[in-house]
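*Asks:* Read off the chains here:
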Amino acid sequence: MASFNLKINNKSYTVEADPAMPLLWAIRDLVGLTGTKYGCGIAQCGACTVHLNGVPVRSCSLPVSNVANKEITTIEGLSTDNSHPVQQAWIQEQVPQCGYCQSGQIMAATALLKKNPNPNDKDIDTAMQGHICRCGTYPRIRKAIKTASSIMNSKASVK
Amino acid sequence: MTANSKISRRNFIRISSISSAALTLGFYKAASGSVVSVINPASETARNVELNAWISIDPLGKVTIINHRSEMGQGAFQSIPQIIAEELEVDLNDVNIVFAQGSQTLYGSQITGGSSTIRGSYKKLLHLSATAREMLISAAAKKWNAPSSECYAENGNVIHRGSGRKANYGSLVEEAVRLQPPTDVKLKDPKDYKIIRKPMPRQDTPLKTNGTATFGLDKRLPGMLYAVVERNPRFLGKVKSFDDSGTKAVPGVKHVIKVQMNVFSHKREGVAVVADSLWSAMQGRKKLKVEWDDSGFEHHSTDQLYARMREDVKSGKLHSFKTKGDVDRILSSSGNVLEAVYETPYEAHACMEPLNCIADFKDGKCVIWGPIQGPDWVQAEVAPMIGLKPEDVTVNMTFLGGGFGRKAFLDYPHEAALISKEIKAPVQVVWTREDDMTQGPFRPGMLYQCKGALSEHGSIAAFETRIAGQNMGHQNPGADRNSYNDSATEGLPETYLNSFPNYRFGDVPLESPVPVMWWRSVYSSTNAFAFESFLDEMAVAAKKDPIDFRKQHFWDGRYHAVLDKLMEVSNWKQRKANEGYGVALTECFASIVGEVVKVSRKSDGKVQIDKVWAVMDCGWYVNPDVIRAQVEGSIVMAYGASNFHATEFKDGKAVQQNFNTYVMPRINDIPEIDVHIIDNEEKAGGVGEPSLPPFAPALTNAIFDLTGKRIRKLPFALKEA
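As you go down the protein sequences, you meet chains V and F in turn. According to the working numbering, the stretch in the first sequence is residues 1 to 159, in order. According to the working numbering, the stretch in the second sequence is residues 1001 to 1721, in order.
Source of the hints: derived by calculation from the structure; they are not laboratory data. Small disclaimer: the values here were computed from a predicted structure and weren't measured. Virtual Cβ for every residue (Gly too), placed ideally from N, Cα, C. Careful: at least some of the hints might be erroneous.
[Unchecked claim] Calculated Cβ distances over 12 angstroms to all of chain V for the following chain F residues:
| hint | residue |
| --- | --- |
| 1 | 1064 |
| 2 | 1116 |
| 3 | 1187 |
| 4 | 1218 |
| 5 | 1257 |
| 6 | 1321 |
| 7 | 1324 |
| 8 | 1350 |
| 9 | 1363 |
| 10 | 1540 |
| 11 | 1542 |
| 12 | 1631 |
| 13 | 1658 |
| 14 | 1677 |
[Claimed, not checked] Derived list of chain V stretches under chain F, where covered just means 3 residues or more per stretch with a C-beta under 8 angstroms from a C-beta of chain F:
| hint | region |
| --- | --- |
| 15 | 42–54 |
| 16 | 75–83 |
| 17 | 86–96 |
| 18 | 136–142 |
[What the hints assert, rightly or not] Here are the simulated DSS-like cross-link-like pairs (lysine-lysine), alpha carbons at most 30 angstroms apart as the crow flies:
| hint | chain 1 | residue 1 | chain 2 | residue 2 |
| --- | --- | --- | --- | --- |
| 19 | V | 70 | F | 1198 |
| 20 | V | 122 | F | 1611 |
| 21 | V | 146 | F | 1606 |
| 22 | V | 143 | F | 1719 |
| 23 | F | 1602 | V | 143 |
| 24 | V | 143 | F | 1576 |
| 25 | F | 1219 | V | 11 |
| 26 | V | 146 | F | 1602 |
| 27 | V | 146 | F | 1198 |
| 28 | F | 1286 | V | 143 |
| 29 | F | 1611 | V | 143 |
| 30 | F | 1565 | F | 1709 |
| 31 | V | 122 | F | 1719 |
Between the sequences and the hints, there should be enough to build the whole structure, so can you do that?
*Replies:* Shown next, in the form of structure tokens:
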């Protein structure tokens, strides 16, 4: 066991953990933010996706010892009131069914749009194909990313 | 608003709703169907019932709707309140939705399976909600000394037409409670619906976009420990011995115990590692050494299972269950006999949320929390397994991260309850992805031998299907293993049989240690591939258009309407030379769904799916957008099972353990899906499952149309087609 300082959603947490413990379990069980999900444990499904210094990563396969003092953002850090454009688009397009994979999907889409405000279908495929949705919400995810893009662009043009 | 004022307001609401009368309506027993009971919460009998009824309106006008079914993605969380809000005349946004606890007495069946939520309860819910509305109207009329006929309800208020006087439901509750519920309420004409039939956004969506929806894995109880279980990978094996010395040395590990849980007629055995964190439990499990006794049962491979099924359809003892005419005579005398064998794989449910369950066994009672499809079943069935009476078991549903039939099984709540009982603490048992994917129960792998003869007019003169594969019902304790599998024609519209002059269906049950269970759309998910592929083969042999050929065998206008709509939206008749079109139509859980798949060759010569059209006739329906979502999702799931994944067995164990080998369709694999809903006033049918079965045969029929090659075994790689 060792002590680690985690910066999650602009807050600092000190956790006592086995250095090999994946970030996923530190976020869920030590910090208590349960929006980030366990799906496979081997970086195959994307349900556990969080941002590390703005880049989407699989928290199930990242030891907590590797992420100390780096900026971590979870689904709770996007906004708690669903005001983030990607969350708004997800609601507008009624994407979730069971909803379990959607935290990861939303984190991946947010990272994509930050890098590329106008993604085409191919860009969406590349950014999102690491994410499994067993309910099959893929057609709506594609639509919602385009909707989020236009929400963000119209906000940007107002500024 | 400060935190303090929030708390005091919440307390105020809670206290006032306990101390004053609330209008609470529900059925005492679903069995007695039409009896609506008004319960005065001040009375002794109502004390237990109050929180568990369907609708409750407190004196502040706050409406609480209890949802008795689980929400696993299919939209019941939205659809049940949408029905109630329509006839109750309240704004859906002003309604508080609460999951019911498990209780057959209060809600009737709560099992969320068979796509039964709406079709099983909509009439009762409409009636109940209208009854509450009429009582509130009567209460207002009495208060104003006006005839009820001059009053109407709107948006949580009763309004007097002449004077414009208005009373909030909350202010009428005390009076309404004293009224006798009317027995002759009039339901709305569907054309007057304001909420039903509208694509109302789901109330659970905002919870699922900011991480606040509580799934089973997210639930925590004070003092809760975590457990993972090393279970026998060969289904029937026993724990011979185990060495937990390494496990107990892992910091945080508290207990290592042997567990057994019921899996149909057998016990599944394992060793549970209980720790103060999930991570510690997982680390402890890695150090565990278990010796299994795997004697006394077969260690199958997939090849062996299918070889046996191939033999069974030829020479096994057939349990016939649907016969008409003289199939043998027609098949032996006709010069125009077709024969084909179709195979479908075993599948894991692979819900994105792996199985998990919390149990807190204390003082002769047990409280369960989890992603559970049948809370009433858990209460009724698990109670005796853990030595309790059903009323001492409380079952709470969380949101389910997928269900598809798997979370209707009782093994994981049973196991959690046993562990909690033994360690005397609340515990959450978590199945890893590998546990979830390898332990089953699985969708059974099936094999179908179809034979058919055409008449000289090109219609079906005889139809026979011999089916091999496991009969789910035969796994139950005391099951008659000589009984036929009456689900073995599910998916095939019954109305076809009217026009087949001779037919026989029968099955040869396969014995195997592999546990099998419902998987979205159950046997329809595999049957449809055989039946709708074979009908296509018959259509081609009869030199007829596949849609025309099907229509010729349907004597019911609903099927024609679905096929006509499909033809229209897909431009079926206007196909180009380099395109393949395939159709399939199935009936599952009282809904009729037709699908057309269009394929073409890419520039590299590989086959691609260009588009899928689906037409759903589910009769009376609630929310068109939820239906569209279910159709889209069913097609994606069907595509997974037809082209991407399967569970295989080797040496008695499941081979595919995680998503690296159980390969799922991804966003880049999914074609455009165009969904159409038929508008009619037929009885409500299911929505969550019926659009899964037609996809695979529509796809393989399209590939035949393009390439002339029949695909009779699933899954297959599209790029190899």
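*Asks:* Hints first: check each against the structure and report whether it holds.
*Replies:* Right, here's what the structure says about each hint:
{"no.": "1", "hint": "1064", "result": "holds, 22 angstroms"}
{"no.": "2", "hint": "1116", "result": "holds, 18 angstroms"}
{"no.": "3", "hint": "1187", "result": "holds, 28 angstroms"}
{"no.": "4", "hint": "1218", "result": "violated, 4 angstroms"}
{"no.": "5", "hint": "1257", "result": "holds, 22 angstroms"}
{"no.": "6", "hint": "1321", "result": "holds, 33 angstroms"}
{"no.": "7", "hint": "1324", "result": "holds, 38 angstroms"}
{"no.": "8", "hint": "1350", "result": "violated, 6 angstroms"}
{"no.": "9", "hint": "1363", "result": "holds, 28 angstroms"}
{"no.": "10", "hint": "1540", "result": "holds, 31 angstroms"}
{"no.": "11", "hint": "1542", "result": "holds, 35 angstroms"}
{"no.": "12", "hint": "1631", "result": "violated, 10 angstroms"}
{"no.": "13", "hint": "1658", "result": "violated, 5 angstroms"}
{"no.": "14", "hint": "1677", "result": "holds, 15 angstroms"}
{"no.": "15", "hint": "42–54", "result": "holds (count 4)"}
{"no.": "16", "hint": "75–83", "result": "holds (count 7)"}
{"no.": "17", "hint": "86–96", "result": "holds (count 6)"}
{"no.": "18", "hint": "136–142", "result": "holds (count 7)"}
{"no.": "19", "hint": "V:70 - F:1198", "result": "violated, 46 angstroms"}
{"no.": "20", "hint": "V:122 - F:1611", "result": "holds, 18 angstroms"}
{"no.": "21", "hint": "V:146 - F:1606", "result": "holds, 29 angstroms"}
{"no.": "22", "hint": "V:143 - F:1719", "result": "holds, 26 angstroms"}
{"no.": "23", "hint": "F:1602 - V:143", "result": "holds, 24 angstroms"}
{"no.": "24", "hint": "V:143 - F:1576", "result": "holds, 29 angstroms"}
{"no.": "25", "hint": "F:1219 - V:11", "result": "holds, 23 angstroms"}
{"no.": "26", "hint": "V:146 - F:1602", "result": "holds, 26 angstroms"}
{"no.": "27", "hint": "V:146 - F:1198", "result": "holds, 24 angstroms"}
{"no.": "28", "hint": "F:1286 - V:143", "result": "violated, 43 angstroms"}
{"no.": "29", "hint": "F:1611 - V:143", "result": "holds, 16 angstroms"}
{"no.": "30", "hint": "F:1565 - F:1709", "result": "holds, 27 angstroms"}
{"no.": "31", "hint": "V:122 - F:1719", "result": "holds, 20 angstroms"}
Violation of the numbered hints given earlier is confined to hints 4, 8, 12, 13, 19 and 28; the remaining hints are satisfied by the structure.
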